[in-house]
Amino acid sequence: MTKADLGQLQQIARESRVQIIRMLAHGGSGHPGGSLSVIDILTVLYFSRMRYDAKHPLWEDRDRLVLSKGHCVPAQYVCMARAGYFPESALLTLRKLGSPLQGHPDRVALPGIEAATGSLGQGLSISVGMALGLKLAGKSARVYCIVGDGEIQEGQVWEAAMSGPKVGAPDHSLDNLCVILDYNGIQLDDHVKKVLDIEPIVDKWKAFNWAVIEIDGHDLGQIEKALDQAEAIHGKPVFIVAHTVKGKGVSFMEDNPEWHGKAPSPAEAVRAVREILGLPPNGGEPPAWAASILAELAAMEKK
Amino acid sequence: MPGKSSRAAFGEALLDLGAKDERIVTLDADLSKSTMTAKFAKTYPGRAFNVGIAESTMIGMAAGLALSGRVPFACSFACFLVGRFETIRVSVAYSQAPVKLVGTHVGVAIGEDGYTQMGLEDIACLRSLPNIPIVQPADEIEAKQAIAWAVEYPGPVYLRLTRQNLENVHQAGFRFQFGRAEVLRPGTDVSILATGGPLWNALEAAKRLESEGIQAEVLNVATIKPLDEETILRSAGKTGHVVTVEDHSVSGGLGGAVAEMLSEVMPTPLRKLAVSGFGESGDQKGLYAKHGLDAAGIAGSVKKFLSR
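Residue numbers (our numbering), protein chains in the order written: chain V, 1 to 303; chain L, 1 to 308.
If you are wondering where the hints come from, they were derived from the structure by calculation, not from laboratory data.
Careful, some of the hints might be misleading.
Said to hold, decoys possible - Straight-line alpha carbon distances no greater than 25 Å define the calculated DSS-like cross-link-like pairs of lysine-lysine that follow:
#1 Lys290(L) to Lys238(L)
#2 Lys207(L) to Lys225(L)
#3 Lys20(L) to Lys139(V)
#4 Lys166(V) to Lys33(L)
#5 Lys39(L) to Lys166(V)
#6 Lys236(V) to Lys139(V)
#7 Lys166(V) to Lys194(V)
#8 Lys303(V) to Lys262(V)
#9 Lys236(V) to Lys204(V)
#10 Lys166(V) to Lys42(L)
#11 Lys236(V) to Lys262(V)
#12 Lys238(L) to Lys207(L)
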């Protein structure tokens with residue numbers, strides 16, 4: 001991928017937020033909060049960073065993305081559709097019988113998904129294995145793994161955290177592995193701090209000998225810069241702590257545990273989309289691509 | 001002639017196969033001396049990874065390695081390996097990652113270490129997953145060939161290996177056939193379907209039964225999943241009585257698999273000889289006797305079954 005400019009990326013992220021809301025409204029279930037918190041990170045990865053060929057998803061030299069917090073896969077599906085893995089119309093089959101767009105990622109059903117995830121805590125171990133496999137095969141491809149903040153309460157994550165900097169070293173140190181924490185502060189039941197605080201998170205990963213970078217996970221420029229820094233680090237894997245807001249972009253979803261795993265009603269979806277587009281609650285002129293989506297959601301509301 | 005354990009055969013086979021195939025890597029969780037991958041690790045240090053006592057991450061890493069073109073053998077005691085069932089279920093099975101899962105130290109035959117180290121539920125757990133074949137070789141010769149087969153098999157696999165030495169039931173020229181049960185001794189009165197450690201005892205039991213006028217047919221069921229329905233049905237149809245023998249829980253193992261199949265296809269009286277309850281510390285012979293898995297126990301159970 002050649003680097004896109006930030007303005008372009010911002011526009012892609014905005015359109016993707018609209019698509020996430022649209023998909024979930026059609027699907028009737030799913031996880032909007034975490035999908036909206038991770039979409040900026042995914043936008044930079046898919047449209048400015050990763051090397052892949054959507055028409056040849058198993059191309060051996062591709063960069064790998066493992067979305068370990070698999071419940072947020074609607075955000076990934078939106079990026080994959082735009083990247084050309086499948087037609088955009090398939091987005092509306094999310095969670096429907098027979099759809100390759102499973103509620104949680106399924107690599108067999110949907111080429112381009114690298115591993116089944118959603119049973120939390122497993123994606124980092126898989127990513128460590130992939131990064132090692134690529135090193136052993138002499139490939140320069142990189143592995144990106146996105147973990148959730150609630151997810152890292154799982155013990156298997158810390159097994160992998162211990163392994164990452166050690167396994168393969170020194171001949172095959174996993175500096176091709178970049179883990180990104182979508183630190184939105186909320187898990188299913190409540191705020192992470194209330195359920196089981198994961199702090200001090202930077203110190204923990206540093207103590208496990210990872211290179212740690214801390215950023216605002218909604219600042220596309222900071223995400224780009226952190227990924228550049230990560231590529232320049234040699235001899236150890238990198239852990240990026242991306243501070244995010246759950247439900248980012250939709251005021252009534254932001255920082256609200258209620259919206260971890262609940263789809264918006266059509267009326268809520270209309271409200272959400274208008275907010276994402278920066279329109280007033282009523283009136284205003286949506287761009288053409290969004291006008292049809294708003295009309296579609298309004299029609300659903302009337303049913 | 002007393003032979004080697006199937007785990008020892010595994011260690012030797014890996015050395016040979018590893019010399020020919022660079023894709024082969026091993027993963028261990030601090031039990032490489034017991035799973036017998038230690039020699040491979042010494043010979044090919046760049047292809048052997050000891051992740052510490054962290055079986056879940058070992059299995060996940062194996063999935064990642066498999067999905068990037070390696071042929072990973074993820075090895076531990078069967079109970080610790082399959083104990084991480086959820087990781088096997090999603091990272092390996094659902095992802096269709098061609099990981100070679102190797103569970104050693106199966107059954108009560110491990111003896112003195114007691115229940116916590118005994119793989120007794122591994123077949124039952126893994127049999128519930130749709131795409132992981134289960135293979136338990138009967139002896140050293142079959143083990144080596146099954147391991148070579150596993151390298152070439154394009155999907156995930158579970159190999160169930162013993163700690164204890166196994167008598168050789170095969171000749172040097174034997175060829176392992178995945179998915180096939182094998183008639184080791186023909187008979188007409190009862191079909192004894194055995195797998196792994198107690199197979200030899202089943203053959204010994206058949207000799208005893210012969211002296212009492214009972215002709216037992218003994219089958220080696222090395223492939224527990226998928227079952228060789230054709231061979232088992234042919235034998236069961238002939239004898240009309242089936243006895244399963246295994247060093248595994250009486251629930252969900254070979255006996256369960258055979259019972260499920262027969263009851264749907266050709267209901268046949270069946271007796272399951274296996275381990276009931278938890279295991280415990282003791283010597284192997286004593287434990288096999290206690291659970292009726294020695295020759296005397298198997299012969300006695302067969303007679304009782306036939307005369308019911």
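Each hint tested on the structure:
1. In summary, the hint linking Lys290(L) to Lys238(L) is not supported, as the alpha carbons are separated by about 31 Å, beyond the 25 Å threshold.
2. For the hint linking Lys207(L) to Lys225(L), the alpha-carbon distance of about 28 Å lies beyond 25 Å, and the restraint is violated.
3. For the hint pairing Lys20(L) with Lys139(V), the CA-to-CA distance comes to about 21 Å; that is within 25 Å, so the pair holds.
4. For a cut-off of 25 Å, the pair hint linking Lys166(V) to Lys33(L) stands: about 21 Å separates their Cα positions.
5. Taking the CA atoms of Lys39(L) and Lys166(V), the gap is about 21 Å. The hint holds against a cut of 25 Å.
6. Among the hinted pairs, Lys236(V) with Lys139(V) is consistent with the structure: their alpha-carbon atoms are about 17 Å apart, no more than 25 Å.
7. The hinted pair formed by Lys166(V) and Lys194(V) fails the criterion: a straight-line CA distance of about 33 Å is larger than 25 Å.
8. Of the pairs offered as hints, the one joining Lys303(V) and Lys262(V) holds, with about 20 Å between alpha carbons and a cut-off of 25 Å not exceeded.
9. Between Lys236(V) and Lys204(V) the alpha-carbon distance is near 15 Å, which keeps this suggested pair within the 25 Å criterion.
10. Taking the CA atoms of Lys166(V) and Lys42(L), the gap is near 18 Å; set against the 25 Å cutoff, the hint holds.
11. Restraint check for Lys236(V) and Lys262(V): not satisfied, since their Cα atoms lie roughly 38 Å apart, outside the 25 Å limit.
12. With a C-alpha separation of about 19 Å, the suggested pairing of Lys238(L) with Lys207(L) holds against the 25 Å cut-off.
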